[in-house]
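The listed protein sequences derive, respectively, from chains X and U.
So for the first sequence, the numbering used here puts the first residue at -17; every next one is plus one.
So for the second sequence, the numbering used here puts the first residue at -17; every next one is plus one.
These aren't lab readings, by the way, just hints derived from the structure by calculation.
Careful: at least some of the hints might be erroneous.
Note: identical chains are not told apart, hence a pair may lie in one copy or across any two.
Stated by the list, open to error - No more than 30 Å apart at the CA atoms, straight line, and that leaves these computed lysine-lysine pairs for BS3-like:
#: 1; residue 1: Lys20; residue 2: Lys83
#: 2; residue 1: Lys70; residue 2: Lys43
#: 3; residue 1: Lys40; residue 2: Lys21
#: 4; residue 1: Lys83; residue 2: Lys70
#: 5; residue 1: Lys21; residue 2: Lys83
#: 6; residue 1: Lys43; residue 2: Lys83
#: 7; residue 1: Lys20; residue 2: Lys70
#: 8; residue 1: Lys70; residue 2: Lys21
#: 9; residue 1: Lys40; residue 2: Lys20
#: 10; residue 1: Lys73; residue 2: Lys83
#: 11; residue 1: Lys40; residue 2: Lys83
Protein chains: 2
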Amino acid sequence: MDKKKCSSSKEKCALQEILGVIGGKWSMSIIYALFTGKKRFSELERMVPNINTRMLVKELKNMEANGIVVREVFATVPPTVEYTLTTKGRKLEPIINELYKWGVEYVG
Amino acid sequence: MDKKKCSSSKEKCALQEILGVIGGKWSMSIIYALFTGKKRFSELERMVPNINTRMLVKELKNMEANGIVVREVFATVPPTVEYTLTTKGRKLEPIINELYKWGVEYVG
């Protein structure tokens, strides 16, 4: 989140900080793709519509730093990289599913 | 949402489209501020930490076009403009509150 001091109430700053972690249009789609289990980079790139490689790298780095996903590298040739949701990330499943239901009713 | 044809599954495109409507970091904070009732532009500007006037104008236009808020102009001198959540917007309240609770536990 923008490090500028948050002058508003504690509650609103907290929401702003939360949305800084998972509020991005791409992060929720990536989390949604990971609900069905660990994925490789190339799989995520196919699963998230309209995302490009640079954006996916950036989002995954941000999500790893925020403890939403873990990144595992396997010493295959070439090396394989897999991403999995942490417990913290998995707890978003009911919320994102509710958001999806809202959207199907009101946006689809 | 980027008009490029959404080649992935219908479900993932729907989520992408939904997040295009309310996925923005600012839109959820604006919706959160409107849960406590209609607000003027200047009130919203104070309530949403770190947002600037140009961004708030853009987000409110987008939200009005997507039927999340209604904009009412009152013929005072100078004219007053108030924003209110539509039924569609208000249905996001439990979802954003759950997101906030998740954040307080995992991000705060």
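Do the hints match the structure? See the list:
1. Lys20 with Lys83: Close inside one copy (24 Å) and across copies (26 Å); limit 30 Å.
2. Lys70 with Lys43: within (16 Å within a copy, 34 Å between copies)
3. Lys40 with Lys21: Classified as within; 16 Å inside a copy, 35 Å across copies.
4. Lys83 with Lys70: Cα proximity of Lys83 and Lys70: in one copy and across copies (22 Å, 12 Å).
5. Lys21 with Lys83: So Lys21 and Lys83 pass the 30 Å test inside a copy (24 Å) and across (27 Å) alike.
6. Lys43 with Lys83: both (28 Å within a copy, 24 Å between copies)
7. Lys20 with Lys70: Answer is within: at 15 Å inside a copy they meet the 30 Å cutoff, but 34 Å across does not.
8. Lys70 with Lys21: Result: close within a single copy only, 17 Å intra versus 34 Å inter.
9. Lys40 with Lys20: This pair counts as within: shortest intra-copy Cα distance 18 Å, inter-copy 37 Å.
10. Lys73 with Lys83: both (17 Å within a copy, 11 Å between copies)
11. Lys40 with Lys83: So Lys40 and Lys83 pass the 30 Å test inside a copy (28 Å) and across (26 Å) alike.
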